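Heads up: the protein sequence lines correspond to chains A and B, in order. The first sequence maps to residues 1 to 267 in this note's numbering. The second sequence maps to residues 1001 to 1090 in this note's numbering.
Calculated directly from the structure, the hints in this document are not laboratory data. In this text, all values refer to a predicted model and were calculated from it rather than measured experimentally. Hints are not guaranteed to be accurate.
What the hints assert, rightly or not - In silico lysine-lysine, DSS-like type, Cα no more than 25 Å apart, as pairs:
1) A:Lys-169 x B:Lys-1070
2) A:Lys-181 x A:Lys-77
3) B:Lys-1020 x B:Lys-1042
4) B:Lys-1042 x B:Lys-1070
5) B:Lys-1070 x A:Lys-165
6) A:Lys-4 x A:Lys-165
7) A:Lys-181 x B:Lys-1042
8) B:Lys-1020 x B:Lys-1070
9) A:Lys-181 x A:Lys-70
10) A:Lys-4 x A:Lys-169
11) B:Lys-1020 x A:Lys-12
12) A:Lys-176 x B:Lys-1020
13) B:Lys-1042 x A:Lys-169
14) A:Lys-79 x A:Lys-181
15) A:Lys-165 x A:Lys-77
16) A:Lys-70 x A:Lys-176
17) A:Lys-169 x A:Lys-12
As the list claims (entries may be wrong) - A few chain B residues that don't get close to chain A, going by computed Cβ distances all over 10 Å:
18) Ala-1015
19) Gln-1016
20) Ala-1018
21) Leu-1026
22) Asp-1029
23) Leu-1033
24) Leu-1064
25) Ala-1075
Stated by the list, open to error - Restraint ranges, calculated between C-beta atoms of paired labels, are given here:
26) A:Gln-101 x B:Gly-1059: 41 to 47 Å
27) A:Ser-99 x B:Gly-1032: 26 to 32 Å
28) A:Glu-188 x B:Gln-1071: 41 to 47 Å
29) B:Thr-1063 x A:Ile-125: 23 to 29 Å
30) A:Asp-108 x B:Ala-1048: 51 to 57 Å
All C-beta atoms in this analysis are idealised placements derived from N, C-alpha and C, irrespective of residue type, glycine included.
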Amino acid sequence: MTAKVVTITSGKGGVGKTTATANIGAALAAVGHPTVCIDADIGLRNLDVVMGLENRIVYDLVDVIEGRCKLRQAMIKDKRVADLYLIPAAQTRDKTSVSPQDMIRLCDELRSHCAWIIIDSPAGIERGFRNAIAPADLVLIITNPEISAVRDADRIIGLIEAEGKGPGKLIINRVKPEMVKRGDMLGEDDILDVLAIELIGLVPEDDRVITAANQGTPVALDDGSRSGSAFRDIARRLDGEDVPFPPLDGQVGLLERIARLVRPGGE
Amino acid sequence: MSLRDRLFGRERRSAQTARKRLQLVLIHDRAGLSPGTLDALKDDLVAAISRHVDIDASGVHVTLRSDRDKQRLVADIPLAPSRERRRELG
Ligand SMILES: Nc1ncnc2c1ncn2[C@@H]1O[C@H](COP(=O)(O)OP(=O)(O)OP(=O)(O)O)[C@@H](O)[C@H]1O
Ligand SMILES: [Mg+2]
């Protein structure tokens, strides 16, 4: 096995990097690919709670890098999904305790033991971001359909190219189809037009992301949710499958409803 | 916004405004030139060119355009009417 390393980053904070890491990781592992998620947000550890593994942390990323434990000891095994692991971030240290070289060395050691390594990057364009993308074979940029988030995504895409890690692929998260439909939210075409990057995921705004995070069970493991299915689609696309983007079904407008009624055959 | 505008969809939806603002902000970001810097650049340009030829400073436009793969600084600098021309006009 030689793992592929995927880093999820954004520029702007709070757009869904940690959520995406947990869900894409869970989705890959759920279909049988041994997967290790790494929380590279040193000092602001979060991936552990989103994955529901916070109570089992003994060692962290910095412990491995500074040689206080073996790599295996810092890998927390998920109980629901076989072959899903988390390497948590250190909570009491800062980004300067890790270097890009450390991350490359750590991932190289991991590569032969799993199929995928998914890295949750911190927000921003500084040291933590550089640490997170250093070992990446592929960088996924995540954004929300808002000017500020797209603008920061553009900046990050430029930096990723400058570091020789491009071209990345884009995830648009928290799309509200009804708002896009009535012209009050940037649609995927608007965003892809200005960013000129390949789209790999379109994730709707979904309350279940929050309830899932409350419970510490990634929504990708919930068969019935729209966002979960969007994350599973991303995992399949990463894996090389050609998965079409299903229409994000918004609320059907009044005219559309009338049109459906008068259309022969009805709904 | 009137009910009529609303019915006929004549209002300007916020996504359209967002699209325009986003395009503009990205053009400046990518060039590393803020609108303020562009203004300063325009003033310098006017001063430099005025040393050699009379220009109509009020009609000068300096803008950033982006083509497919290149960003372009486009300066439109109208010359002041020449002396002969001014005599003809006067
Ligand atoms: N598709 C979605 N629908 C609803 N809520 C979402 C969605 N995606 C993310 N969220 C919520 O948005 C918040 C921020 O998400 P998350 O922590 O994943 O962002 P982040 O990019 O990792 O943030 P940070 O930059 O602070 O690390 C969380 O409360 C999360 O539950
Ligand atoms: Mg995060």
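Is the distance from the Cβ of Asp-108 of chain A to the Cβ of Ala-1048 of chain B consistent with 51 to 57 Å? Given a distance of about 55 Å, which is inside 51 to 57 Å, the answer is holds.
Straight-line Cα separation of Lys-165 of chain A and Lys-77 of chain A no greater than 25 Å? Distance of about 29 Å is beyond 25 Å: violated.
Can you let me know if the beta-carbon spacing of Thr-1063 of chain B and Ile-125 of chain A is within 23 to 29 Å? 28 Å, holds
Is the nearest CB of chain A more than 10 Å from the CB of Leu-1064 of chain B? 14 Å, holds
Quick one, are Lys-4 of chain A and Lys-165 of chain A close enough, alpha carbons at most 25 Å? Holds, at about 14 Å.
Gln-101 of chain A paired with Gly-1059 of chain B, Cβ distance criterion 41 to 47 Å: Between Gln-101 of chain A and Gly-1059 of chain B, where Cβ atoms are some 56 Å apart, the hint is violated.
According to the definition I'm using, a residue is off the interface if its beta carbon is farther than 10 Å from all beta carbons of the partner; does Ala-1075 of chain B meet that for chain A? 25 Å, holds
Taken at face value, is the distance from the CA of Lys-1070 of chain B to the CA of Lys-1042 of chain B at most 25 Å? Between Lys-1042 of chain B and Lys-1070 of chain B the Cα gap is close to 21 Å, so the pair holds against 25 Å.
Decide if the proposed pair is consistent with the structure: Lys-181 of chain A and Lys-77 of chain A, CA atoms, cutoff 25 Å inclusive. 42 Å, violated
Assess, step by step, whether the Cα of Lys-4 of chain A is no farther than 25 Å from the Cα of Lys-169 of chain A, and give holds or violated. 15 Å, holds
10 Å Cβ clearance of Gln-1016 of chain B from chain A: Gln-1016 of chain B is in fact no farther than 10 Å from some Cβ atom of chain A, at 7 Å.
Is it correct that the beta-carbon of Leu-1026 of chain B has no partner in chain A closer than or equal to 10 Å? 5 Å, violated
Comparing the model with each earlier hint shows violations of hints 2, 7, 9, 13, 14, 15, 16, 18, 19, 20, 21, 22, 26, 28; every other hint is respected.
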